[in-house]
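A.B. asks: In order, the protein sequence lines correspond to chains A and B. Residue numbering for the first sequence follows the working numbering, beginning at 594 and increasing consecutively. Residue numbering for the second sequence follows the working numbering, beginning at 594 and increasing consecutively.
What the hints contain is simulated information worked out from the structure, not anything from laboratory work. Keep in mind the model is a prediction, meaning the values are calculated, not measured. Some hints could be false.
The list treats identical chains as interchangeable, and a pair is accepted whether it falls inside one copy or across any two copies.
[As the list claims (entries may be wrong)] Using 16 Å as the maximum straight-line C-alpha spacing, the simulated EDC-like pairs for lysine to aspartate or glutamate come out as follows:
no., residue 1, residue 2
1, Lys793, Glu651
2, Lys939, Asp870
3, Lys949, Asp712
4, Lys783, Glu760
5, Lys939, Glu812
6, Lys801, Glu611
7, Lys820, Asp693
8, Lys1015, Glu762
9, Lys939, Asp662
10, Lys949, Glu867
11, Lys820, Glu597
Number of protein chains: 2
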Amino acid sequence: MQFELTKPFLDELNLAVESKNEAAVLALIEHLRPVDIAEIINEQSLKEAIAFYQFLTEEQAADVLIELDEDVRERFLNSLSSKQIAKQFIDNMDSDDAADLLAKLPVEKKNEVISHIQDIEQASDIIDLLNYPEDTAGGLMAKELVKVDINWDIKTCINELRRQTQEVENVYTVYVVDDRNVLQGIISLKRLLLTPDNKKVRDIYNDKVIAVKADLNDEEVGQIMEKYDLVVVPVIDEIGRLLGRITIDDIVDVIKEEAEKDYQLASGISENVEYSDNMWLQTRARLPWLLVGLMGGIISSKIIGTYESQIQINPEMAFFIPLIAAMGGNVGVQSSALVVKGLANKSLGLNGIWHKILKEILIGLTNGLVCSGLILLYNVLFPDTGGINWAISITVSIALLSVIFFAGIFGTVIPLMLHKYKVDPALATGPFITTTNDIFGTFLYFYIGHLLYAVF
Amino acid sequence: MQFELTKPFLDELNLAVESKNEAAVLALIEHLRPVDIAEIINEQSLKEAIAFYQFLTEEQAADVLIELDEDVRERFLNSLSSKQIAKQFIDNMDSDDAADLLAKLPVEKKNEVISHIQDIEQASDIIDLLNYPEDTAGGLMAKELVKVDINWDIKTCINELRRQTQEVENVYTVYVVDDRNVLQGIISLKRLLLTPDNKKVRDIYNDKVIAVKADLNDEEVGQIMEKYDLVVVPVIDEIGRLLGRITIDDIVDVIKEEAEKDYQLASGISENVEYSDNMWLQTRARLPWLLVGLMGGIISSKIIGTYESQIQINPEMAFFIPLIAAMGGNVGVQSSALVVKGLANKSLGLNGIWHKILKEILIGLTNGLVCSGLILLYNVLFPDTGGINWAISITVSIALLSVIFFAGIFGTVIPLMLHKYKVDPALATGPFITTTNDIFGTFLYFYIGHLLYAVF
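Make the full structure from the sequences, and use the hints.
C.D. replies: See below:
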């Protein structure tokens, strides 16, 4: 049901394109949707793509262009003149897609393309949309919508709708405005169908409508649409005038990226890179976090260095360094991930920070007691030759308990603090928390060992 | 614009509810939507919630119930009789919500509730839906939809729609079926509005419709709706008969959970727990991964143990254990996260596994050379008292380069292999890859040290 691009398919298509066999090309892409065709072009060379594009209808070509990977699209547009871009693509696009496309072009080319747009109204819509930052409600909205005046009767509405809907692909909802274009409410097509012609909009419209202001950032738009199960949301200006609408398909990506961004940060990848991005982009996104780890490792080496003489006497102290460091990292990652997810979903509840710390303390104590108990059991049941070494056994268990205990608290408190001071709490997951807990764990382990070996 | 629940608001509401001050309660919740009211109830005690529920209208009560946290809803329903559940809630719900609700009840209570449903048609829809597993298209769909016969004319359609739409809250799309109820295509309300009465459906409907089979799993439904920007998708049986439809609001949660699930696994949390879940659930989700780390730590301790005598002679070998272990873990997490995300987004491209490994080798070499160069510089510029220790300096640098190199390859190959053998590749992120790389890194470091110290 879903198209799955394969290498043989791509080869067959490229061959048909190269030999200009139109019938074969059209047969291959007959059942494909624009996003499927975009998948193909993402895998083609620029030359293959340009040749293939000749076989698409104008409308297809515009729809496919929107779905292309950004870098592929950029290369492709660079191969076209401004006039071609305006005529072949912009004229067939919704205002929001056209604005997104133009926003990515160099200023000069952008202005050139705009000057070539035939439809004055569309050009003015696009110029309007280009004024809004990309990551706000204004930057996401489309100007195409269907609206009626609150003072009209149903008959006038239906006639007006017949006119307006020719330009709007999916209607979803009809907006109700007053004579100053201030949003008053909504009315569904269904309701219009069911109501007698002579009734007034005023009597049947629904005045409970959720709208977003044009300067609201896209993540909050996503949260609102998700929370209130909205398929489309109207965008208004400061005094409530209707500017446009955002549909769910534009916001699903925002919601998903939001969820993925936290994962990416937790994995120590600082920029929004994809696996398919080139080596250099990937390196740039990954190296900074490795340097954080490197710094952490150097600090740990300094801490252990101060216990050099003890290691010489009790080399077994070195055996459990990876265990202590790893467990601190694991616990920290777990707690911080739960807090960050809770913050993102607004599901942390109303209880204060002390309640959260108390909960983490109880979880830490449980996990800590289980793990330190098990490692004690291991050290007692499987001693090295020379019998049970109580000093190291007890040192490891106490250090492990302490590390699990404190790592959980750090993992809870640090993201909460960052959030309080408006820093992205996801920064506190991944390499940052792992490194901190590595250092702290190493210090604790050797300090406890130092004390205990003096006793035994 | 968005409701934000605060402690003072909750206290005020509880006070008004307790003192049975209806005017005050209704004023407080006047502008709230069902999901907002659900947020309030999630924070109330059962007694407060039951008292508060008396103030809601029947329709509100049903809408709020669907939005409640699962455990809160369960407690709440347990306090009601089967008859009350059927009359107060099920009768006011869409079939899919009603079925979801009933699916969570104990079998006996479920059957009791069904026997109390007044509307026979709704009862039969619900029984039907309960047959589909929860995580399939059939389990997600609602039975309420609007459909027309392909042989009708537009006038008949509109009359029929007037009848059908009374039961369907949001129409979105009108489905076109033949006389055996086999899905033929769709027609938009807008199109119906624009077409003269005497035309036939057959002449104007759109036969390019994406449908999903009832047994398709929910994640794939989500991928299809996301990829093709669908707001609603029809569900069909094996021979193409129209069974129901899935709307985007039911699938946004699936798409989001899918993105979050990978993050959760990468953070070493095995079940779908939330921060707000109780201590016991959290411990159960976290402890297993800690035990994986514990096992890894024990294995590392065995490896280091075999080099005991060397540590006694060269205690500085111990200093850099955390560095090597941490860097292996960090690199592994980075690579595996990128591969897992690429697999989830189907954006890995068509190139084979060797191409992927080659790319990771190049990234690993770059990052590895930078990091090992820096640590060499550090060890040379800031030697311990006694001058530059070339043996340890070169050991650390070579080990670091090797660990970064191999950790990247493991992080790439292991999730790809798991995916190939139909195991969730996200299992290879987080504690699993960290632990493996800890062990491997420790081994490599001491082995290289052992060889090099013999040379210097």
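A.B. asks: Does each hint fit the structure? Answer for all of them.
C.D. replies: Cross-check of the supplied hints:
In this assembly of identical chains, Lys793 and Glu651 lie within 16 Å of each other by CA distance neither inside one copy nor across copies; the values are 41 Å within and 28 Å between. Taking the closest pair of Cα atoms, Lys939 and Asp870 come within 16 Å of each other only across two copies (14 Å); inside a single copy the shortest separation is 32 Å, beyond that limit. Taking CA atoms no more than 16 Å apart as the test, Lys949 paired with Asp712 passes in neither setting, with 58 Å inside one copy and 47 Å between copies. Taking the closest pair of Cα atoms, Lys783 and Glu760 come within 16 Å of each other only across two copies (11 Å); inside a single copy the shortest separation is 20 Å, beyond that limit.
For the homomeric pair Lys939 and Glu812, the shortest alpha-carbon distance inside one copy (13 Å) is at most 16 Å, but the shortest distance between copies (24 Å) is not. In the homo-oligomer, the alpha carbons of Lys801 and Glu611 never lie at most 16 Å apart, since the shortest distance is 57 Å inside one protomer and 29 Å across protomers. In this assembly of identical chains, the alpha carbons of Lys820 and Asp693 never lie at most 16 Å apart, being 26 Å within a copy and 19 Å across copies at closest. Proximity of Lys1015 and Glu762 under a CA criterion of 16 Å is satisfied in neither setting, with 40 Å inside one chain copy and 40 Å between copies.
With identical chains, the CA atoms of Lys939 and Asp662 are at most 16 Å apart between copies only, with a shortest distance of 13 Å across copies and 32 Å within one. Only between protomers do Lys949 and Glu867 lie at most 16 Å apart by alpha-carbon distance; the minimum there is 13 Å, versus 35 Å within a single protomer. When the C-alpha separation of Lys820 and Glu597 is checked against a cutoff of 16 Å, the pair qualifies only between copies, where the shortest distance is 12 Å, while the shortest distance within a copy is 33 Å.
The structure shown violates the earlier hints numbered 1, 3, 6, 7 and 8.
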